[in-house]
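The chain contents come next:
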Amino acid sequence: MKTEKIANRQFSFILFIMRATIPLATLPILTASNARQDAWASALLIFVGTALTIFLIVGLGARFPGKDVVEMSWHLLGKIPGNIISLVILWSFLHMASLQVRIYAEMIIVGFLPETPIIFLTASMILVAMTAAFSGVEVIGRMSDLIFFLFLAMIFFSLGTLFFEADFMNLQPVLSRGFEPVLVGSVVPLGMGSLLLVAAMLIPHLNNPERAVNSALWAMGGAVLVIISTVLLVVATLGPEEGARVVFPFVKAIGGIRISEFLERVEILAVFSWGLGLFVGLSTFVYCGAKGAARVFGLEDYRHILLPMGVIWVVLSIHDFENVFEIRSLLAPEVMGPYGFFLIFFPYLFLWGGYLIRRIEGADHQEKEEKR
Amino acid sequence: MGLFQKSVLLIMVLLLFFFVNTGCWNRVEPEELTLVLMMGFEREEEKGDMKVTVQAANPMQRVGEEEGGSNSGEKSFWVVSAAGPTLHAALKNLNKKSTREINLTHVQTLLISEEMAREGIEPLLDFLQRGREPRFIIQPMVVEGDLARAMEGEYEAEDIGARALARQHQVVLKELAATVDYPLRIVFNRLSQPGCEILFPRVKVMEIEEDEMSRESPLEVEGAAAFHKGQMVGWLNDQETRGYNWVINDINRPVYIFESPASPDKEVTVEIFQSSSSLEARVQGEEIFIKVSVIAEGRIQETTSPEERLTGETGTADALNRRLAQAVRNDIQAALEKTQQDLKTDIFGFGNLIYRTLPREWGGLEDRWEDIYPEIQVEVEVKGDVRRSGLVKDPLEIR
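Protein sequences, first through last, are from chains B and V.
Remember, this note's numbering sits 287 above the position in the first sequence when you count from 1.
Remember, this note's numbering sits 12 above the position in the second sequence when you count from 1.
So here's chain V without its partners, still in its complex pose (with noise of 0.2 Å):
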């Protein structure tokens, strides 16, 4: 080959690649899309169709911001809501109402009725496991409430309803340990497994007064929807959510309010800071006894007592230590007979412990699970360890 068919042939390729280069089939463009970043499911009343509501990011508002131009009245998401036979065939008939293509590759909260919770969740799963677009990094939750109005929520200080919730949740579980962390993929790896249930965080709708002096936010993160098989069965508060984390090694940093040591009638709080848990089954016959221990470290933030004085010498610390560990149990215990008399649903996954650890046994008790759940026998041995004291050593004295 000479040179000069030599460089038409390198030509002639350069060229194929403008016309590969624009893309293949698939190109879209961003400003075709619609991103959706949170859904929300609820059956229709009237038909029983599935109906599905979806949070947009209004890309009009972001351009004006930019541009310097004031807040002019305009929303920077959308709202709109659609029903369908099936989850796909109500996304669908979203089109109808968008000018935009509706993408959900950027969801990351999904918004489920208490009422549709109730009834099971079944028939919502397929889909998000088989489409292309949901991902497996999305955040159900559980309204408590009207659910378009969760949908519609605006905060003060955020311009995306769906991104405020999202943060909001990360806070809580990270401030508060209150809510659960479970994204689908956690979701659907528990589900397939024998011996363990879900949990959902709970959102809350709040009650707003049409007040423009004391805007709150419209939503709140707090507690959790306990499920068994795949149903909704009751809530968890707070408290029981957090002891749940305790059990499952989940926490980050709750505070705990408790009795001073030296003074009865005032208060110490401590801050959990590094923790630790493991869960151990043991099978003796009929009889199944489940062990949690905890490690709970933590450090005094405020007191109101002005005789707590911390030596190496005095017991104070190991009363401390004894109240922290008393109130850490007093968790544990609120959500193990929530779920053991009330919910009886294992959302521990000690069924799972066993499987795990005693495959042996799992195959014998499998079937009655359920009915055993109830009946299992939980230890809990709570270590409290209050290690630090914030950055002075004793509190003020004022003479």
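Only chain B is shown next, with the shape it has when bound in the complex (with noise of 0.2 Å):
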């Protein structure tokens, strides 16, 4: 079978989007810590924290450019092992695909919709994202090209009718609280970081794989952007005790402006264009649960098992919380934090390790051969 294969423009669209859509939807830098004004200094050390997840996650990847993550672990730590370190990543992907539509489907309650079962909100988000990932990595690349546009113009223009309303002395007193505030509101959104693992899974799909980091690197920056002057905004409008209590910011903010007699109320702009998003990253996520678990399991084809595992997201996306207080308390830096670093690290480091034995082995290995 041949490979499908994505562009690496797709791909920075890609993990762009997902990077951007979840901390822009409930600003955690800000409704999860004490950062209060400070919240941009959060997203300053998030872009770091990134970076250096890009490298352990993409830098590895980039070294077996034929390989996904499951090939990889196999080929590093031989099959049981190296089976186990996989089902950890897709669990990942199980978790947080579900825990994003559920956050989605919340507001859509909260705000929108007081009445609609929640099973058909996140049912129907999860169903059209198992059509894209029916097609095909392909399609869901093309779909980026297209939705990244269409998400960068609704953001830009809600951040901008909030530019107007904003009043900047919000933003001060600057850094007055020290920096651990500021650390503990970067910790959720770096938690939640562990979706970059996606890429360890699309980078077999690339058509330049040897510059994955760097494509990376460039969405990584991109959304940092788009996160900063979003919470920077957010505050000057809302103010940073209202920012932070506020279950939603961005969508609240942008409700509670009025440009003028003709122009308000154009929050729809915020909820598309997460809507939007989510599209994109739950596509991804399912593809890419669907690829590894048949790639574990021994099937040749991930189509077979994508409405199975539909029905698990879908039954995930419902019963993993029972009210909104336990979504409140899964995103406090204390939970998160070491559980989406568990995600990343405890595969990496295994896998990293593996690498690097090999490495030494290889070259004792050539020096033996050249001896010969």
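Since the hints were derived computationally from the structure, they do not count as laboratory data.
Using N, Cα and C, we set each Cβ at its ideal position, and we do this for glycine too.
Distance ranges between label pairs, derived from CB positions:
no. : chain 1 : residue 1 : chain 2 : residue 2 : range
1   : V       : Pro42     : B       : Asn495    : 48 to 58 Å
2   : B       : Asn501    : V       : Glu391    : 55 to 65 Å
3   : V       : Thr316    : B       : Phe559    : 50 to 60 Å
4   : B       : Pro625    : V       : Asn107    : 45 to 55 Å
5   : B       : Leu331    : V       : Asp262    : 25 to 35 Å
6   : V       : Thr316    : B       : Ala440    : 50 to 60 Å
7   : V       : Ala169    : B       : Phe443    : 37 to 47 Å
8   : B       : Arg350    : V       : Val25     : 35 to 45 Å
9   : V       : Gln141    : B       : Phe559    : 22 to 32 Å
10  : B       : Ile555    : V       : Glu43     : 21 to 31 Å
11  : V       : Gly157    : B       : Ala440    : 41 to 51 Å
Once you've looked at the hints, go ahead and assemble the two chains, each given alone in its own frame, into the complex.
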């Protein structure tokens, strides 16, 4: 079977959209921490942290351009340990996707359609994501080409509307509480950075896998820029304390401004761009999850398990959380931080370890061969 | 998959869309809603329950107008009230009297009775923030006089009282700077930050005589209600409100009338067109100094003195500038005196200024701020600048 290919540009767009969507929607740097008006500084830390994660994940992947993370772990660690490592990564796809779709559905229910059964919202989101995943990674890539510009245009327009009502005095005093809240503020988004693990599945599909690190860094740079400008403008319009108390600060800020008698209630832009971003993110998660699971269990075509996995996804999105308070405790730094870091570092410590041992062994091997 | 199966699938998907397109569980037709435009909150006298009065658009009247029907004597809005132990309960109780679902997404204005404001607005705030329907663009105002009459107020030139009041507020703000612009977004922001208090615009209910020939506006927007810790402590008149707007750099086009420099018994009217102000805080031991610097640029709009000749050489321009500056300074001083000596509430947010610019000093001041505020030294520096004289150079001389 011929491998499907996507351009590095599309890879960047996918990562950008995935990375920008969730922090944009719930702004965990603002709502899950005590950083308040200094949340922009946390966003800078996120960039540094994410860049390190990229070197960890994509850096290793780029050394094995033809292999996805499951094949790579077999190659480096052997079949059974490799499968165990891969299951951790697959779990992160499953859980991150169900978490994201649940948060989106919560927002729709709290803000717009209070009586709609939540399963209808999550199931329909996952259904469309499955359709995209069924069509394959090329379709997801082309879709991200299309959605990227729509997404960006809507974000720009909504940030532009905020700009006219913003009062940047709300950002003072700068760093008056020291660096600790700023550090804590960056923990949850960094924990959610485990979504970067999808890059490990996508690398074999790239046109130019050697430049994957570069593409991923560009995507992260763009996403962090969007997050910084959003958090600055949200704090400047809602105020630091209010911004931190609201559940969906971006939506609330846009809904709370009035540019003229005719131009108000434009929060649909935020909701719409979030929905589009979530669609790209979910399709990628679903695709990578199904592909990886098929690989682990030795199936030839991932499409056969797409439907059952979709059902698992929907069930998980409902039963993972009893209520909104549980989502809130999961997104607390002391839970999401260790959890997200475990998902990233546990597999990759072993993979890198395996890789380095092989390098040294390989070098010994070569020396021996030369001596002969 | 053959072509046949594909087309069957496509048709099924299209049929599915028909179901989805009619809407989800929350399909609400506009004609099933009562669109509330203005809400009024007060305490019910007997039980102390929360009493809500709403003004809603009357859709029947609007239809009649479009069909060209003459004024049938029907009001284009509808006022109804209900009570309940909490705000949300009271709003739910409104449905007993309404034929349609009460919907708050289009509320523009919120009226609060003076008694309720003096008692404290805290019980109102949570609902306004937590609810899905009320928006942060709502402008709250405090009513001086009877709230029920304010809700019923009918304007000659406008259909709907609520829209009329919202426009009136904007006009007063822009043309006179005699009220404040405090939508809920800013109210919540200021309440949640240290060292600043809030103001709501004041709405006066006018006494109208039942004389058909002289119908005036039933309500006037003028001045503001000053709060301290969420409780109203007193009124600001329009001069003090203007002074407040100068300090916070939110001033539009007020007019100032002062003695003509050329002939002392005549007057010059100057309208402000451009202005800016800035605040600076300084803490020296126990003494706190605030410096308010204002630049006011005006135009001569009217003069009753025929000797008002403005050339680059005469001292008239300087004299005009000085007088303008003095007039602006008087407003600011009036506002400062009222809040420092009388109301003792930091509506300007001087405490917040110190918190923002000198966070280290603020730590020691925060707990005692209420006692410190009346003692602050405020230096007001105004630079008046009369730049233009309208469309004529010199006044008309009648020979």
